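Q: Sequence:
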Amino acid sequence: MPAAQSDAPANPLALVWFRNDLRLDDNPALQAALDNGYVPIPVYIHAPDEGGDWAPGAASDAWRHRSLAALDAALRQRGSHLRYFFGPSLATLQSLIATTGAEAVFWNRRYEPAHERRDANVKTTLRQQGIRVESFNAALLFEPWTVRNKQGLPFKVFTPYWKALLSQWQLGLCVDAPARLPHSDEGPAGVPLEALKLAPERDWDRGFWDEWTPGEAGAHAALETFVDGALRGYREQRDRPDRIGTSRLSPHLHFGEIAPRRIVSVLERERTAGNGADVDAYLRELGWREFAHHLLHHFPETPDRNFDARFNDFAWSPVSAAQLAQWQQGRTGVPIIDAGMRELWQTGWMHNRVRMIVASFLTKHLRYHWRHGARWFWDTLVDADLANNTLGWQWVAGTGADAAPYFRVFNPVLQASKFDPDGDYIARWVPELSGLPVPLRFSPWQDPAALRRVAPDYPPQPLVDMGAGRDSALAAYRKLRG
DNA sequence: GCCTTTTTTTG
DNA sequence: AAAAAAAGG
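Heads up, this note's numbering is the position in the first sequence plus 122, with the first residue counted as 1.
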């Protein structure tokens, strides 16, 4: 190399701050760095306490560990790599700017209230220091503040919200992952991924990885599996926990391993005369995800407070730690509930239909405040997502926006017979009941002798009598209105 | 995106 | 007599 070359101005550096956008495909922050002629320095900053009361749970950490490793591997294939640091985020970015000489910072937005506040502060502070800072939308089809009703207010009901989305449906083109990435070794190397201690010390997550492959490649493989399999018939099969009837994309979406816009573009490409209704049904589910983020942005207190303030006076039952543990561990004596809770514990995921059933049981039959369920899901779900989790629990509990009315009580026996008609889901997750014939498998307490013979360790009676639980929930609700 | 009970319709 | 629809929580 001629010496003169070193005097030529090198390409300026930009920090690309990865958060819940752990992908290279259609990543606007990364792309903006490249398009503006910067050499991107990909960084991940571990700062769980910046999530406020909603620091990531254990299952989420286990997933993130693997997803970060996958992102780093993908970056390395392209000549770059991911650098890991400990927070606080602002101080870490400032120090990186000082040591690398980076002139810009790019990131993709998050919508959790604590993160929105933090990001706003980071942006203002760095800009005051003369740094170029830009944020982008990588996680949503539409930014929450761009969807308004006729009065200019945020929507509170899903159907009109969804109609508004459809009427303004205009998605930009996806940008493919760059084939090569310029690279700089300027500045500190950071710490090894293992230092972040995201992976469990004890391998309680062993059962997760038969079911899931975190990371961008796993996300695209899951999408392909969905398109080749469950998409056809999705509209009807998506409610069947005994089948692979859903996309199983939720954790990949949460971590931003795949863009919703990419999913839409693939589904539209795959749309045929035969599967149009199925594609539309899936898009509607993506719509619920959008709605959840819309609500969280506009009503940031809802992870901890009832959306419907009338419920602030509701007579929730005092929590019995023992009963709550029975629900958590899948030992309520109600098979469909126990199957769901055990699926969650063993795989970090639960079928959506079953989420509604176990949530209804906790908030109606046990009449426990939805927060107890939301917290448990938060810790155990690999797809734990503040927007979706909050909407889901407040929806079932009847306290939310466009929620199921409180008097809508799911009957777990009826739900099981409707959506797991052969009892296969129950048999898989509560195998000790597989020796019972099917109608009995939904309500084994109805034949105590058979239950004792087949599964002597299974609770002989449900935690709550179905009829009594329903009635007392309805009575508490009546008092609220009265 | 429900359940139960009551009422009406259908075979 | 059973199934479907309606009503109301």
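Do not rely on the hints blindly, as some may be mistaken.
Listed next, with one range per pair, are the computed distances between beta-carbon atoms [said to hold, decoys possible]:
{"id": "1", "residue 1": "Asp-402", "residue 2": "Ser-556", "range": "49 to 57 angstroms"}
{"id": "2", "residue 1": "Gly-252", "residue 2": "Asp-501", "range": "36 to 44 angstroms"}
{"id": "3", "residue 1": "Ser-387", "residue 2": "Thr-268", "range": "15 to 23 angstroms"}
The hints are simulated quantities; they were obtained by calculation from the structure and are not laboratory data. Bear in mind that the values here come from a model prediction, so they are computed numbers and not experimental data. Glycine included, each C-beta is placed from N, C-alpha and C at the ideal position.
Q: Which of the listed hints are not met by the structure?
A: When the structure is compared with the hints, only number 1 turns out to be violated.
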